[in-house]
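A.B. asks: Residue numbers (our numbering), protein chains in the order written: chain G, -18 to 583; chain E, -18 to 583.
Incorrect hints may appear among the rest.
No copy labels: a pair is met if it fits in one copy or bridges any two.
Keeping only pairs whose Cα atoms sit at most 20 Å apart, straight-line, the calculated EDC-like set for lysine to aspartate or glutamate is [as the list claims (entries may be wrong)]:
1. K281 to D246
2. K195 to D341
3. K281 to E227
4. K281 to D415
5. K281 to D334
6. K281 to D247
7. K195 to D(-3)
Read the hints as simulated data drawn from the structure, not as lab findings.
Next come the chains, spelled out residue by residue.
There are 2 protein chains.
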Amino acid sequence: MVHSDAPAQEKHDLDDATLRDRAVAAALGHAPFDILLTGGRVVDVATCTVRAADVGLVGPLIASVHPPGTRSDAQTTSALRGALVAPGLIDTHLHVESSMVTPRGYAEVVVPQGTTTICWDPHEVGNVAGLAGVRWALEASRALPLRILVLGPSSVPSAPGLERAGAAFLEDEMRAMLSWPEVAGVAEVMDMRGVLGRSRRMRGILDAGLASGKLVCGHARGLEGAELVAFAAAGIQSDHEITSGEDLLAKLQAGYTVELRGSHDDVLPGAVAALNRLPVIPQTLTLCTDDILPDDLVEKGGMVDLLRRLVRYGLDPVQALRAATLNAAMRLGRRDLGLVAPGRRADLVVLSDLEAMRVDQVIASGRLVAAAGRLTEALRPDTATAPTGTMRMSSLSAGDFCIRAPAASGRAWLRVVDQPRFTRWAEREAAVADGVVVLPDDLTLMAVSHRHGRAAATPVLGVLGNWGHWTGALATTISHDSHNLTVFGRDANDMALAANVLIACGGGMAVAAGGRLLAVVELEVCGLLSEAPAEQVAAAFACVRESAMQIADWGPPPLVFRACTGASLACNPGPHVTDLGITDGSTGAVYPGSIIRFETSR
Amino acid sequence: MVHSDAPAQEKHDLDDATLRDRAVAAALGHAPFDILLTGGRVVDVATCTVRAADVGLVGPLIASVHPPGTRSDAQTTSALRGALVAPGLIDTHLHVESSMVTPRGYAEVVVPQGTTTICWDPHEVGNVAGLAGVRWALEASRALPLRILVLGPSSVPSAPGLERAGAAFLEDEMRAMLSWPEVAGVAEVMDMRGVLGRSRRMRGILDAGLASGKLVCGHARGLEGAELVAFAAAGIQSDHEITSGEDLLAKLQAGYTVELRGSHDDVLPGAVAALNRLPVIPQTLTLCTDDILPDDLVEKGGMVDLLRRLVRYGLDPVQALRAATLNAAMRLGRRDLGLVAPGRRADLVVLSDLEAMRVDQVIASGRLVAAAGRLTEALRPDTATAPTGTMRMSSLSAGDFCIRAPAASGRAWLRVVDQPRFTRWAEREAAVADGVVVLPDDLTLMAVSHRHGRAAATPVLGVLGNWGHWTGALATTISHDSHNLTVFGRDANDMALAANVLIACGGGMAVAAGGRLLAVVELEVCGLLSEAPAEQVAAAFACVRESAMQIADWGPPPLVFRACTGASLACNPGPHVTDLGITDGSTGAVYPGSIIRFETSR
């Protein structure tokens, strides 16, 4: 929807009688093609066959797919020498924010990988910058060789009452977004309890979504049986939270369009095995990347990497491509996409190898936009004014990272958020000296400061157990889903240093140890994204990741970040630290601080 | 789109938060279902599997599909005893007119057969009654248990310049129809030459269709190679004019959604064989009936008969059902249809046998509407005022059916339309007596009178060769596509009698012989349809068909009618008789009469 200068423009660029005149004339052989691809093999995802055919383009259209060598009249001819021509890849669910770049930076990376259309849920931007953020997402998605279908975030914040984001979207905000023609629907509905309990907010948001006739996308994490069924009965049409082959099958059987995602690789072999047991790979299967860190996006790739892995795990490559193209186009209601066929939009990927998904060229709306892994021309500069300056707080001091006790000395009993990811409550005893809790060696501090200017920024200090031994501090403004400033560590000076670096630069991630800043990735847009090129962001992020390895001894590197950036995700069951306190996602309780009780020393 | 009292109503009946409250509560087991179907097996056309499951309905929604026996709380429970539950059948292309009944009469027959949604091209009504006719089609389609998606006819008339219909639809008329929310798109574009030659009319109609974002349906009869490709490049998305397995494959490969039709049975075995050679039955395959005569509709059935035949010819029944349900729903952009799954519309068919497609019950929008082959309740009377009184002409006399010569006696050389269906030119010599051509014994007269009041009604008299020996007259106001009054025979008195019966009753078909009327089916709506019940129309029509057998000696009965009602189809190549003269579809020539030259006797 957003490829030409104005979204409305692309929407109608194929509805131009003069263009159709030219396409018909070229198809009939009365006029030359603009571009002719010869000697290739078309991957026909309608009949699921591959056949030798030449492809003639006129403007943004595929004008002809015809027997090899029967035409040679074209402005430009490209000899494919047996390469495959497939439809451009469509990613049905992702957060650009996870890759820490703007839509422009994202396009720069994924278009050469063959992705020509994505469905973006600007959930993180919405949580920080509200409707203005979503507006920016729409504007920043224009005039790119990547078609970006923007959805309206449904979970801003994801846990009302347990955290404070930069905005709150209720029914009215959702209706406003859906009234914008470029917004393609309601983005993943995450508040599953709210949906099943018919909370006023989720009921209103779903009602707005259904009334709009646009997409209503879901997030059915862990739902099964009656709850999975009820979630669909509420009007939710899709899910990408697949945890196993059985879960995939249950969701397909419940009528969901599954957006099988690449971000959880361990699930994919079982998913492929389950699919291969069916008589037909369902047309309700699409593919998505969901969340990819910037270095992974640059080095391994997005959709193309997912396709490669699916094929490696045993999915027929044509079926994988069908899921990533025609199935997605039909899910999105885009009759112009998803097939290498006359009359469709010329979004094409030329592959030199089907199993390895080696991308040679990418054509978007009839223009060669990438070859040999690079864009053929530089993208226009980002013109939309991005929401920067979202660190609405003053700098912090070391004292802000000390848990103060009611008296100078004594013993405190602490509530502890135990173990990363699937958190649970624990309790620990600690000494108090000089009025401050002396944290036992094996515990870690997690400090969350409200940064959106809607409340004081004084950090809430939580205590983490079984999060390894820390010798430095990690600060991040990527902290799902409210993205308040979150700092992990044990040393108050290092924590203040890392925090203040981010407060000064507008947000990002920073690592400090021994009074020195080790690494920082500056994410000045919403404290989530950078306007720098993806390679640069990836390098800075890789450096942060590497430094984080040096200051924490636990788990493989992705887990450090995944767990840290998710440690504030109060919508999940169990304890989490947020800007409001230490919360319990299961009971809805909020405890303002970590000290349960205190005894003065005699 | 048009099932409840107002089409707009049905469009939004599922977007009701209170309904969703009820559905979610029922799915979770907090409230009973309205209807519970127990002990059945669900035909899941997403995963292409059949599994034992119970189905709970709430209002027009499927609220739950769950393991057998796990729920028993419902207002009404229906024990299915192993029967199959499939989605309601969707017919993607047909002309209600071919069955000679109103939408109400049509629904009465096909709903008990399991059809719950049809796409109607009111092409014939449009040709007779213009935009008012299409308006009537929309109104008459409301408040039925059959969802009727009405398309805007694109070929009114089908051969401009060669015939005069009751109306002419150009771009403006198409834009007007597409602006009506109930109109689902552009109906089959038949003027293939106009499309490929970019005639002003077809260019404008296609431009209007593409700009509307609605369906643009096609009729790609006999197109192949570059022409087939160019037709798609023009923006046409579908075709039902399949002539062989190879033709089917070529059209699927060219990216068309194929509406495989039941009206040409001889094509189906080859089509099934071609489909079975593909790795996957394409999701771009849908099914349609196109044209069914009333007695066939009543006795053999519509979609259900097509499904039975496809299965008999070797198509897997689940795949046949998938084409008739989910594939169709996706083609039509209807996310509420096509699956037995929670959150979808409760349009269901209960089948006691999958291979035989034996329909036990039909549920439409959550209401049991048919059981054991009958509707469960009588339909409301037709409320829309149908376009009757469309015989805008006075009665004719025997003299109108005589070819007058320039002198009382001599010899005339006649241009002859030779052989039915694939007509060709011939020439014959004939005597003239009393100023009238004495038709040689083996020739037949075809008289076409303009009946729409836009010109004089004096018949054009054409001469047919190799149309068998006629001993009576057949008059019909079903005469594609302008539906002028068309009379076949040799006896001027019988011809006038049959014609005048139709002029008096408002149109239909009549057979006369020996000065007596043998049979008549009165079709007072546009001269095409009857408001009588389908069984009654079928019986009257069967009587006409039988009588026609007695007055003509050629071919099997369907051929008589097919050839006669199509003998005026001037858009086809070769000679045809129309209200304008004897036309040549290949050259565009129009000859006012049948006499090529005349020699006076000496």
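A.B. asks: Decide, hint by hint, whether the structure agrees.
C.D. replies: Hint-by-hint comparison with the structure:
1. For a Cα distance limit of 20 Å, the shortest separation of K281 from D246 inside one copy, 13 Å, qualifies, whereas the shortest one across copies, 53 Å, does not.
2. In this assembly of identical chains, K195 and D341 lie within 20 Å of each other by CA distance neither inside one copy nor across copies; the values are 35 Å within and 35 Å between.
3. In this homomeric assembly, K281 and E227 never come within 20 Å of each other (Cα to Cα): the closest approach is 28 Å inside a single copy and 42 Å across copies.
4. For the homomeric pair K281 and D415, neither the shortest alpha-carbon distance inside one copy (51 Å) nor that between copies (94 Å) is at most 20 Å.
5. When the C-alpha separation of K281 and D334 is checked against a cutoff of 20 Å, the pair qualifies only within one copy, where the shortest distance is 17 Å, while the shortest distance between copies is 51 Å.
6. Taking the shortest alpha-carbon separations for K281 and D247, only the intra-copy value of 16 Å comes in at or below 20 Å, while the best inter-copy value is 53 Å.
7. With identical chains, the CA atoms of K195 and D(-3) are at most 20 Å apart between copies only, with a shortest distance of 15 Å across copies and 25 Å within one.
In this structure, the earlier hints numbered 2, 3 and 4 are contradicted, and the remaining ones agree with it.
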